[in-house]
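Trainee: Next come the chains, spelled out residue by residue.
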Amino acid sequence: MTKADIVEKIYEKVGFSKKESAELVELVFDIMKSTLEKSDKIKIAGFGNFVVKEKADRRGRNPQTGEEITITARRILTFKPSQVLKASINK
Amino acid sequence: MTKSELVEKIMEANSFLNRKESELVVNIIFDSMANALKDGDKVEIRGFGSFTVREREAREARNPKNGEVVTIPAKKTPFFKTGKELRERVNCL
Chain A
3 MTKADIVEKI
13 YEKVGFSKKE
23 SAELVELVFD
33 IMKSTLEKSD
43 KIKIAGFGNF
53 VVKEKADRRG
63 RNPQTGEEIT
73 ITARRILTFK
83 PSQVLKASIN
93 K
Chain B
351 MTKSELVEKI
361 MEANSFLNRK
371 ESELVVNIIF
381 DSMANALKDG
391 DKVEIRGFGS
401 FTVREREARE
411 ARNPKNGEVV
421 TIPAKKTPFF
431 KTGKELRERV
441 NCL
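Line by line, the protein sequences give chains A and B. Counting in my numbering, the first sequence runs from 3 upward without gaps. Counting in my numbering, the second sequence runs from 351 upward without gaps.
Treat the hints as calculated values from the structure; they're not laboratory data. In this text, a Cβ means the ideal position worked out from N, Cα and C, and glycines have one as well. Be careful, since some hints might not be right.
In the SDA-like style, the derived pairs of lysine to any residue whose C-alpha atoms are separated by at most 25 Å in a straight line are [stated by the list, open to error]:
#, chain 1, residue 1, chain 2, residue 2
1, A, Lys-93, B, Ser-365
2, B, Lys-431, A, Gly-17
3, A, Lys-55, B, Lys-370
4, A, Lys-43, B, Lys-392
5, A, Lys-35, B, Phe-430
6, A, Lys-11, B, Ala-424
7, A, Lys-20, B, Val-357
8, A, Lys-45, B, Glu-438
9, A, Lys-11, B, Phe-430
10, A, Lys-35, B, Ala-424
11, A, Lys-88, B, Asn-413
12, A, Lys-45, B, Asn-413
13, B, Lys-359, A, Ile-91
14, A, Lys-35, A, Asn-64
15, A, Lys-88, B, Thr-352
16, A, Lys-5, B, Lys-415
17, A, Lys-5, B, Asn-413
18, B, Lys-425, A, Ile-33
19, A, Lys-43, B, Glu-362
20, A, Lys-21, A, Thr-4
21, A, Lys-5, B, Ser-354
22, B, Lys-353, A, Glu-56
23, A, Lys-55, B, Val-403
24, A, Lys-43, A, Lys-20
25, B, Lys-392, A, Ser-36
26, A, Lys-82, B, Ala-424
27, A, Lys-35, A, Lys-88
28, B, Lys-392, A, Gly-68
29, B, Lys-370, A, Asn-51
30, B, Lys-434, A, Lys-93
31, B, Lys-431, A, Glu-14
32, A, Lys-82, A, Ala-47
33, A, Lys-5, B, Ala-424
Ranges between beta-carbon positions, derived for each pair [as the list claims (entries may be wrong)]:
#, chain 1, residue 1, chain 2, residue 2, range
34, B, Phe-366, A, Lys-57, 34 to 44 Å
35, A, Glu-10, B, Asn-364, 16 to 26 Å
36, A, Ala-47, B, Arg-406, 19 to 29 Å
37, A, Glu-10, B, Lys-431, 44 to 54 Å
38, B, Glu-410, A, Gly-48, 15 to 25 Å
39, B, Arg-406, A, Val-86, 17 to 27 Å
40, A, Val-16, B, Ala-411, 40 to 50 Å
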């Protein structure tokens, strides 16, 4: 499934034009991206939570050369699926 | 940000949309993604990320209360991989 399939669903169910539906889907993901960019979390009941986590510097190794390197501090995005989503996938 | 705050933001950005329509759009987006995963399909949103279903094998674990060995059955779990654009934007310090 891609964005195009979601656009199609909105077009069918809400009756907006394909162009409007596509703009709305784009808008929703854009809002989510700018929210996460600010390190705010997003909680979608029944689906899951998107949370930005801070990672400290840590030592790592290049698996090809065995060379020791420092993995720099960074922010990463994690998704924690809701119980409802997990349960429905296992049904 | 919660789902209802997301609904608000969409209305602020698109003044032609009323609350009901905005809610409907948000619900369709997440419901259709959840349904695809339920069917074992992959969901790919360019610039945002992709959702897949991963299989977890059955494993043995211990009940931490009484030390009893229990078998945890095989199960499926949703997995999210952040897309390149979003990963870079989130990490932009």
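Trainee: Taking the hints in turn, state whether each one holds.
Mentor: Taking the hints in turn, this is what the structure says about them:
The straight-line distance between the Cα atoms of Lys-93 of chain A and Ser-365 of chain B is roughly 40 Å, outside the 25 Å bound, and the hint therefore fails. Restraint check for Lys-431 of chain B and Gly-17 of chain A: not satisfied, since their Cα atoms lie roughly 32 Å apart, outside the 25 Å limit. Restraint check for Lys-55 of chain A and Lys-370 of chain B: not satisfied, since their Cα atoms lie roughly 33 Å apart, outside the 25 Å limit. For the proposed pair Lys-43 of chain A and Lys-392 of chain B, the alpha carbon gap of about 23 Å is at most 25 Å, so the pair holds.
Between Lys-35 of chain A and Phe-430 of chain B, the direct Cα distance comes to roughly 15 Å. Compliance with the 25 Å bound is thereby established for this hinted pair. For the hint pairing Lys-11 of chain A with Ala-424 of chain B, the CA-to-CA distance comes to about 33 Å; that exceeds 25 Å, so the pair is violated. For the given pair, Lys-20 of chain A sits about 20 Å from Val-357 of chain B by alpha-carbon distance, which is consistent with the 25 Å threshold. Between Lys-45 of chain A and Glu-438 of chain B, the direct Cα distance comes to roughly 21 Å. Compliance with the 25 Å bound is thereby established for this hinted pair.
With a C-alpha separation of about 22 Å, the suggested pairing of Lys-11 of chain A with Phe-430 of chain B holds against the 25 Å cut-off. With a CA separation close to 34 Å, the supplied pair Lys-35 of chain A and Ala-424 of chain B exceeds the 25 Å bound. About 22 Å separates the Cα atoms of Lys-88 of chain A and Asn-413 of chain B, which keeps this hinted pair within 25 Å; it holds. For the hint linking Lys-45 of chain A to Asn-413 of chain B, the alpha-carbon distance of about 31 Å lies beyond 25 Å, and the restraint is violated.
In summary, the hint linking Lys-359 of chain B to Ile-91 of chain A is not supported, as the alpha carbons are separated by about 30 Å, beyond the 25 Å threshold. The straight-line distance between the Cα atoms of Lys-35 of chain A and Asn-64 of chain A is roughly 31 Å, outside the 25 Å bound, and the hint therefore fails. For the suggested pair Lys-88 of chain A and Thr-352 of chain B, the alpha carbons sit about 19 Å apart, so the restraint of at most 25 Å is met. Taking the CA atoms of Lys-5 of chain A and Lys-415 of chain B, the gap is about 46 Å. The hint is violated against a cut of 25 Å.
With a C-alpha separation of about 43 Å, the suggested pair Lys-5 of chain A and Asn-413 of chain B falls outside the 25 Å cut-off, and the hint is violated. Taking the CA atoms of Lys-425 of chain B and Ile-33 of chain A, the gap is about 33 Å. The hint is violated against a cut of 25 Å. Of the supplied pair hints, the one linking Lys-43 of chain A and Glu-362 of chain B holds, its CA atoms being roughly 20 Å apart against a limit of 25 Å. Restraint check for Lys-21 of chain A and Thr-4 of chain A: the C-alpha separation of about 16 Å stays at or below 25 Å, so the hint holds.
Among the hinted pairs, Lys-5 of chain A with Ser-354 of chain B is consistent with the structure: their alpha-carbon atoms are about 21 Å apart, no more than 25 Å. Of the pairs offered as hints, the one joining Lys-353 of chain B and Glu-56 of chain A holds, with about 24 Å between alpha carbons and a cut-off of 25 Å not exceeded. Among the hinted pairs, Lys-55 of chain A with Val-403 of chain B is consistent with the structure: their alpha-carbon atoms are about 22 Å apart, no more than 25 Å. This hinted pair does not check out: Lys-43 of chain A and Lys-20 of chain A have alpha carbons roughly 30 Å apart, beyond 25 Å.
This hinted pair checks out: Lys-392 of chain B and Ser-36 of chain A have alpha carbons roughly 24 Å apart, not beyond 25 Å. With a C-alpha separation of about 19 Å, the suggested pair Lys-82 of chain A and Ala-424 of chain B falls inside the 25 Å cut-off, and the hint holds. Of the pairs offered as hints, the one joining Lys-35 of chain A and Lys-88 of chain A holds, with about 24 Å between alpha carbons and a cut-off of 25 Å not exceeded. As the CA atoms of Lys-392 of chain B and Gly-68 of chain A are separated by approximately 35 Å, the hinted pair breaks the 25 Å bound.
At roughly 23 Å between alpha-carbon atoms, Lys-370 of chain B and Asn-51 of chain A fall within 25 Å of each other, so this suggested pair holds. A threshold of 25 Å between alpha carbons decides the hint, and for Lys-434 of chain B with Lys-93 of chain A the separation of about 32 Å lies outside it, so the pair is violated. Our distance criterion of 25 Å between C-alpha atoms is broken by Lys-431 of chain B and Glu-14 of chain A, whose separation comes to about 29 Å. Proposed proximity of Lys-82 of chain A and Ala-47 of chain A is supported: the alpha carbons are some 11 Å apart, at most 25 Å.
Restraint check for Lys-5 of chain A and Ala-424 of chain B: not satisfied, since their Cα atoms lie roughly 31 Å apart, outside the 25 Å limit. Roughly 41 Å separates the CB atoms of Phe-366 of chain B and Lys-57 of chain A, a value that falls within the hinted 34 to 44 Å. Taking the beta carbon of each, Glu-10 of chain A and Asn-364 of chain B are about 19 Å apart, inside 16 to 26 Å as hinted. Between Ala-47 of chain A and Arg-406 of chain B the beta carbons are some 24 Å apart, a value that agrees with the proposed interval 19 to 29 Å.
For the pair Glu-10 of chain A and Lys-431 of chain B, the beta carbons lie near 24 Å from each other, so the given range of 44 to 54 Å is not met. Separated by about 32 Å at the C-beta atoms, Glu-410 of chain B and Gly-48 of chain A break the suggested range of 15 to 25 Å. Checked against the hint of 17 to 27 Å, the pair Arg-406 of chain B and Val-86 of chain A passes, with Cβ atoms roughly 18 Å apart. Taking the beta carbon of each, Val-16 of chain A and Ala-411 of chain B are about 46 Å apart, inside 40 to 50 Å as hinted.
When each numbered hint is compared with the structure, violations occur for hints 1, 2, 3, 6, 10, 12, 13, 14, 16, 17, 18, 24, 28, 30, 31, 33, 37 and 38.
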